[in-house]
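Participant: Chains A and B, in that order, are what the protein sequence lines are. Just remember that our numbering sits 592 ahead of the position in the first sequence, which is counted from 1. Just remember that our numbering sits 592 ahead of the position in the second sequence, which is counted from 1.
Hints in this document: simulated from the structure, not taken from any laboratory. A portion of the hints provided could be inaccurate.
A pair holds if it fits inside one copy or across any two, identical chains being indistinguishable in the list.
[As the list claims (entries may be wrong)] Computed list of lysine-lysine pairs in DSBU-like fashion (alpha-carbon distance at most 35 Å, straight line):
| # | residue 1 | residue 2 |
| --- | --- | --- |
| 1 | Lys614 | Lys666 |
| 2 | Lys986 | Lys1029 |
| 3 | Lys1029 | Lys866 |
None of the values given here were measured: they were computed from a predicted structure.
What follows is each chain in one-letter form.
Protein chains: 2
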Amino acid sequence: MVEVAALARNEDGIGTVLGILKQQFGERCQTGEAIRQQHGHTTTWIENQPPDGVVFATSTQEVSDVVRVCADHKVPIIAYGTGTSLEGHVNAPAGGICIDLMQMDQVLEVNAADLDCRVQPGVTREALNTYLRDQGLFFPIDPGANASIGGMTATRASGTNAVRYGTMKDNVLSLEAVMADGTVIRTASRARKSSAGYDLTRLLVGSEGTLAMITEITLRLQGIPEAISAARCSFPTVEAASRAVMATIQYGLPVARIELLDAMVVQALNGYSKLDLPETPLLLLEFHGSDAGVAEQAETFGMLAEEEGGTGFAATASLEERNKLWQARHDAYWAMLALRPGCDAVATDVCVPISRLADAVTACDEMAREMDLIAPVVGHAGDGNFHASLLIDKADQDEQARAAEFISWLNDLAISMDGTCTGEHGIGQGKRPYLVKELGQGTVDVMGAIKKALDPDNILNPGKILPG
Amino acid sequence: MVEVAALARNEDGIGTVLGILKQQFGERCQTGEAIRQQHGHTTTWIENQPPDGVVFATSTQEVSDVVRVCADHKVPIIAYGTGTSLEGHVNAPAGGICIDLMQMDQVLEVNAADLDCRVQPGVTREALNTYLRDQGLFFPIDPGANASIGGMTATRASGTNAVRYGTMKDNVLSLEAVMADGTVIRTASRARKSSAGYDLTRLLVGSEGTLAMITEITLRLQGIPEAISAARCSFPTVEAASRAVMATIQYGLPVARIELLDAMVVQALNGYSKLDLPETPLLLLEFHGSDAGVAEQAETFGMLAEEEGGTGFAATASLEERNKLWQARHDAYWAMLALRPGCDAVATDVCVPISRLADAVTACDEMAREMDLIAPVVGHAGDGNFHASLLIDKADQDEQARAAEFISWLNDLAISMDGTCTGEHGIGQGKRPYLVKELGQGTVDVMGAIKKALDPDNILNPGKILPG
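Please model the complete structure; the sequences and the hints are all you need to start from.
Facilitator: Below, the structure written as structure tokens:
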């Protein structure tokens, strides 16, 4: 468990605000211990810092009302979706109000002809894709968890498809948002491109609820490809697999997914998902395109992989086999946990320039061994992004200390390679020290000036991204 | 000629600053009339508002020095590249110092393995592509003019390739920038994706020199495709051509370029470029991919075009024929001017959701006729972006008034279709009134708060994007 400093609480303000909100929202304003704890829950080892109350909002107007009340009394307000973020994003270090947006779960419009749609923040990515399927459309961003679109927007999520389709920053056209004073704004039109003033859309994407509350998201969609095929290929070493990824990207092959699993993860999957894969590093791929196109992509990849010592290359267009492969990839987290029953898993999330991927993954593997840590690696390798998940004995203080040291070392390694300490999980509470290391104090000061300008009383998700 | 309000001048400050800069920069600080006028030049009918002096900077340190001197004395400072912007971006309504960045023209590094490079702002896109060619790489953004990468970044430029490769916002990985107090920051690492704090890269892309001076740009590059083919197809009406574009995008065909030219432009090109095209609306296309891939794309497009009444469809992989087609497209501006010798051409730049493209272009055509204006249309149609260029008799006051009315009508039309008044030219001085119409006062107020936070004395390119 990592302790996080609590911030000064505005007790009087919180009491007043809770009184007002209970009046307005009745049963939709909850203060019970269990609900509060659940809304401060994070999926990591960061300690729980619950809010003082949880409001279940059903409209933009209600979000604006809650923000206005909180603004009047200088009380913190924190947005909540599915609670699947990993760096303490939903914690309430100064207490305050959590606003649960999961009842705002409507797909408001789908413009199939324009390949876009407008949704409320509580729509999950799976719900959206189920909704879209009949129209031959899909939304490609896939962070693993069935996260809410609002949360994915707020944390600039990405995942397995980002190598082809980009991250949330590339797939949000426009936002409706409630600013710190309760004003509702819209950041952009529905045009596919625009040069109309500052890019407020991109400023809010990834701002982790610290600059505004996102109440509607207009997303770019994709047509479901004519053909999809999947492939897997084994490699003698993580380095060889990484080199195959580098060759694929440098070749310009438009892979839709190219995921790296190290030998330990493959071993875990064989046990957990009843597979029979060679227990060496593995790449899983997906190709999207026309029938001829995906066949050509698979063939080209097979050639590139062979040059790096790849073996057992097998491509398949069968839906059943494809689903089996990708289900295994999605099971990786649970499979890894099963490697060490009862352990805590702590995810890291570095991303380096692709030319450094083999070096970074290899160094990561060696350092984990040296520090006597269990740290299986999966990666969205086509972006240079990988996660070493530390499997830690909760009772072993020394191991926890070594894990903390390892995480710090890995973040520094990525930064030294001109990479980032967070490819897709965000800064939250956990990575604030690294933000300055990565970008410098001057850059973080500019972020602080923007925060101060848009939220002068620091009521929007305080203690995240920036100090204080 | 459109007059633009002058802003209050800080005469004492300007005098002091010029004294200091002449001391430091000698011959590289110029105050002659011709040089000043040239640096306030815009390629539109907006009047010239020259700066008081022009400094030719050669390094980030020098840019920082100039900004510090201007900050100390609250004197405006305006960045200048090739001067090809269209909305008065380089005008100096309050006087001050223009900083010419064209001597900062070095490609600082190319990381071929990572498909990225780092350049100074004065590198032009053609110079960059010449530099990259031997390594099998190219930078896809093509705004027509041989603009500087710094200017393209500052105005969020795009152009013919944006339908496939995105705009500057999608192709800038990181920036070095000098803030209003002279501090030098870097906005991001070289990782292909990151969720490390606020997206300052995207905030500065398109900020038109009003938030910072951009001194280095890290760009994503593309591998030169294995195969490129071009195609053309004629249509009976602009509406039919637009419908073919809509069908192509909705199909998900990954066209690299899909440009619309109306009958008047085709007629102009036949005269200017000695071509023999049917004088009806025309689509010009380019396909990038493998040999088999481009052939398949061309075939699919041919099928879609035929359904919309397309005729004379011809695809070619011949470099010579391709160059001839695209040279004609690039000559369109000059060809249009030749339609009415001695005229002024004033470009509009609306962008609408693709489903509204046919309606918008048709309405534009009809309104121009109704208002007795000559307004040939070319468009980056795959993005829903098109330019009606008004060919105006400089001596005819009434025609100028009608043109102004037409521009206003067209911007309002795009906004009413949930589109934008500026797909790629920016707001500058010319489009400030429409920014509020498009996004609302609340949104523009948020932009104003950011401007105030990062440039409290309003010295960075005052009078652009925002009021004042």
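Participant: Checking an output row: lysine 1029 and lysine 866, CA cutoff 35 Å. Within, between, both or neither?
Facilitator: neither (43 Å within a copy, 59 Å between copies)
Participant: When Cα atoms must be at most 35 Å apart, do lysine 986 and lysine 1029 count as within-copy, between-copy, both, or neither?
Facilitator: Classified as within; 29 Å inside a copy, 57 Å across copies.
Participant: Between the shortest in-copy and the shortest cross-copy C-alpha distance, which are at most 35 Å for lysine 614 and lysine 666: within, between, both, or neither?
Facilitator: Close inside one copy (17 Å), not across copies (50 Å); limit 35 Å.
This entry does not satisfy hint 3, going by the numbered hints stated previously; all others are met.
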